[in-house]
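Each protein sequence line maps, in turn, to chains V and C.
Residue 104 in this note's numbering sits at position 104 of the first sequence; the count goes up by one each step and never skips.
Residue 21 in this note's numbering sits at position 21 of the second sequence; the count goes up by one each step and never skips.
Simulated from the structure, these hints should not be mistaken for lab results.
No experiment lies behind these values; they were computed from the predicted model shown.
The reader is advised that the hints may include incorrect statements.
The calculated SDA-like cross-link candidates involving lysine to any residue, where the alpha carbons are at most 20 Å apart (straight line), are [unchecked claim]:
{"hint": "1", "chain 1": "C", "residue 1": "116", "chain 2": "V", "residue 2": "37"}
{"hint": "2", "chain 1": "C", "residue 1": "41", "chain 2": "V", "residue 2": "115"}
{"hint": "3", "chain 1": "V", "residue 1": "41", "chain 2": "C", "residue 2": "65"}
{"hint": "4", "chain 1": "V", "residue 1": "41", "chain 2": "C", "residue 2": "115"}
{"hint": "5", "chain 1": "C", "residue 1": "41", "chain 2": "V", "residue 2": "41"}
{"hint": "6", "chain 1": "V", "residue 1": "41", "chain 2": "C", "residue 2": "38"}
{"hint": "7", "chain 1": "V", "residue 1": "115", "chain 2": "C", "residue 2": "65"}
{"hint": "8", "chain 1": "V", "residue 1": "116", "chain 2": "C", "residue 2": "116"}
{"hint": "9", "chain 1": "V", "residue 1": "116", "chain 2": "C", "residue 2": "71"}
{"hint": "10", "chain 1": "C", "residue 1": "115", "chain 2": "V", "residue 2": "38"}
{"hint": "11", "chain 1": "C", "residue 1": "41", "chain 2": "V", "residue 2": "126"}
{"hint": "12", "chain 1": "V", "residue 1": "116", "chain 2": "C", "residue 2": "70"}
{"hint": "13", "chain 1": "C", "residue 1": "41", "chain 2": "V", "residue 2": "116"}
{"hint": "14", "chain 1": "C", "residue 1": "41", "chain 2": "V", "residue 2": "100"}
{"hint": "15", "chain 1": "V", "residue 1": "41", "chain 2": "C", "residue 2": "84"}
{"hint": "16", "chain 1": "V", "residue 1": "41", "chain 2": "C", "residue 2": "125"}
{"hint": "17", "chain 1": "V", "residue 1": "41", "chain 2": "C", "residue 2": "66"}
Chain V regions said to be covered by chain C (calculated; three or more residues, Cβ under 8 Å) [as the list claims (entries may be wrong)]:
{"hint": "18", "segment": "12-26"}
{"hint": "19", "segment": "59-70"}
{"hint": "20", "segment": "84-98"}
FRET-style restraints, in silico, Cβ to Cβ [said to hold, decoys possible]:
{"hint": "21", "chain 1": "V", "residue 1": "64", "chain 2": "C", "residue 2": "42", "range": "18 to 28 Å"}
{"hint": "22", "chain 1": "V", "residue 1": "96", "chain 2": "C", "residue 2": "119", "range": "35 to 45 Å"}
{"hint": "23", "chain 1": "C", "residue 1": "96", "chain 2": "V", "residue 2": "93", "range": "27 to 37 Å"}
{"hint": "24", "chain 1": "V", "residue 1": "95", "chain 2": "C", "residue 2": "39", "range": "16 to 26 Å"}
Every residue gets a Cβ at the ideal spot worked out from N, C-alpha and C, and that includes glycine.
There are 2 protein chains.
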Amino acid sequence: MTAYTEAITFTQAQVEAFAALSGDNNPLHLSEAYAASTIFKTPIVHGMWVAAAFSRVFGTQMPGPGTVYLSHNLQFLRPVYVGKPYRLSITFLRAEPRRNHLFFETLLTDAATGKKMVTGEACVQNAAFVY
Amino acid sequence: MTAYTEAITFTQAQVEAFAALSGDNNPLHLSEAYAASTIFKTPIVHGMWVAAAFSRVFGTQMPGPGTVYLSHNLQFLRPVYVGKPYRLSITFLRAEPRRNHLFFETLLTDAATGKKMVTGEACVQNAAFVY
Chain V
1 MTAYTEAITF TQAQVEAFAA LSGDNNPLHL SEAYAASTIF KTPIVHGMWV
51 AAAFSRVFGT QMPGPGTVYL SHNLQFLRPV YVGKPYRLSI TFLRAEPRRN
101 HLFFETLLTD AATGKKMVTG EACVQNAAFV Y
Chain C
1 MTAYTEAITF TQAQVEAFAA LSGDNNPLHL SEAYAASTIF KTPIVHGMWV
51 AAAFSRVFGT QMPGPGTVYL SHNLQFLRPV YVGKPYRLSI TFLRAEPRRN
101 HLFFETLLTD AATGKKMVTG EACVQNAAFV Y
């Protein structure tokens with residue numbers, strides 16, 4: 001498999017659970033009144049909660065169990081809102097077989113418009129095969 | 001405040017809760033038997049769970065509530081283990097006032113040896129002050 005894609009929606013329950021677990025109680029993610037005072041107007045999803053979805057795919061689907069992150073360069077281009085339909089895609093870019101490094105593009109797009117919300121590139125390896 | 005630092009330890013309960021919430025059930029983080037078959041020997045913390053700690057500091061401490069991520073470039077240099085004492089540090093690097101961009105170095109070190117575990121640079125802005 002060299003490309004993975006899924007439809008994804010982030011729920012308010014997930015955002016609240018991530019806030020409680022991480023302690024990131026930034027009101028931008030939790031308070032409708034606070035968010036209304038910002039350019040975003042309504043609460044937005046934590047960037048690192050979006051990143052957790054990429055981690056889930058790496059660790060369970062592609063390349064799969066045993067994957068360990070070496071780097072992830074994330075760009076949060078546009079606000080991600082609760083309840084909106086998005087598409088998460090991970091595409092294999094290249095391998096460095098000598099060091100067992102695999103590079104992937106990570107992407108979250110608006111399912112309706114195709115606009116890029118979160119872009120990035122990750123380097124991972126499989127812990128079961130290292131050295 | 002231009003630098004923030006805290007002692008931090010990642011617990012197995014947090015790792016299990018993050019796995020359950022995100023769906024990242026990679027056995028490298030959850031199974032002692034699986035981890036024993038890898039170079040890590042015992043389960044390691046999800047990279048994105050470490051990243052969530054940086055997000056917590058940005059969203060609650062420095063620069064504080066209303067912070068929104070624009071980018072975060074994370075390097076996972078060494079495995080982070082449950083129960084080990086680490087030090088999390090975030091240091092202000094520079095501002096681009098025209099666009100209200102703030103750049104920070106993010107760092108997780110081994111509290112005992114000072115070795116760098118996770119390095120990175122983040123760009124954030126405050127949603128309450130954007131444009």
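Results for each hint:
At most 20 Å may separate the alpha-carbon atoms for a hinted pair to count; residue 116 (chain C) and residue 37 (chain V) exceed this at roughly 39 Å. Using a Cα cut-off of 20 Å, the hinted pair residue 41 (chain C) and residue 115 (chain V) is violated, with the two alpha carbons roughly 42 Å apart. Simply put, residue 41 (chain V) and residue 65 (chain C) have alpha-carbon atoms about 15 Å apart, close enough for the 20 Å limit, and the pair holds. About 42 Å separates the Cα atoms of residue 41 (chain V) and residue 115 (chain C), which puts this hinted pair outside 20 Å; it is violated.
At most 20 Å may separate the alpha-carbon atoms for a hinted pair to count; residue 41 (chain C) and residue 41 (chain V) exceed this at roughly 47 Å. A distance of roughly 47 Å separates the Cα atoms of residue 41 (chain V) and residue 38 (chain C); the hinted pair therefore is violated under the 20 Å criterion. For a cut-off of 20 Å, the pair hint linking residue 115 (chain V) to residue 65 (chain C) is broken: about 27 Å separates their Cα positions. Taking the CA atoms of residue 116 (chain V) and residue 116 (chain C), the gap is about 32 Å. The hint is violated against a cut of 20 Å.
The hinted pair formed by residue 116 (chain V) and residue 71 (chain C) meets the criterion: a straight-line CA distance of about 14 Å does not exceed 20 Å. Of the pairs offered as hints, the one joining residue 115 (chain C) and residue 38 (chain V) is violated, with about 39 Å between alpha carbons and a cut-off of 20 Å exceeded. This hinted pair checks out: residue 41 (chain C) and residue 126 (chain V) have alpha carbons roughly 14 Å apart, not beyond 20 Å. Among the hinted pairs, residue 116 (chain V) with residue 70 (chain C) is consistent with the structure: their alpha-carbon atoms are about 13 Å apart, no more than 20 Å.
Between residue 41 (chain C) and residue 116 (chain V), the direct Cα distance comes to roughly 39 Å. Violation of the 20 Å bound is thereby established for this hinted pair. As the CA atoms of residue 41 (chain C) and residue 100 (chain V) are separated by approximately 19 Å, the hinted pair is consistent with the 20 Å bound. For the proposed pair residue 41 (chain V) and residue 84 (chain C), the alpha carbon gap of about 41 Å is over 20 Å, so the pair is violated. For the proposed pair residue 41 (chain V) and residue 125 (chain C), the alpha carbon gap of about 16 Å is at most 20 Å, so the pair holds.
The hinted pair formed by residue 41 (chain V) and residue 66 (chain C) meets the criterion: a straight-line CA distance of about 12 Å does not exceed 20 Å. Note: the segment 12-26 of chain V has 9 residues with beta-carbon separation from chain C under 8 Å; the three-residue rule is met and the coverage holds. Check result for the segment 59-70 of chain V against chain C: holds, 8 residues qualifying (beta carbon to beta carbon below 8 Å, three or more required). Judged by the Cβ-Cβ criterion of 8 Å, the segment 84-98 of chain V is not covered by chain C as claimed, because only 0 of its residues qualify and three are needed.
Between residue 64 (chain V) and residue 42 (chain C) the beta carbon distance is about 20 Å. The supplied range of 18 to 28 Å therefore holds. The hint said 35 to 45 Å for the Cβ distance between residue 96 (chain V) and residue 119 (chain C), and at roughly 20 Å that hint is violated. A beta carbon spacing of about 29 Å between residue 96 (chain C) and residue 93 (chain V) agrees with the range 27 to 37 Å that was offered as a hint. A beta carbon spacing of about 19 Å between residue 95 (chain V) and residue 39 (chain C) agrees with the range 16 to 26 Å that was offered as a hint.
Consistency note: the structure conflicts with the earlier hints numbered 1, 2, 4, 5, 6, 7, 8, 10, 13, 15, 20, 22.
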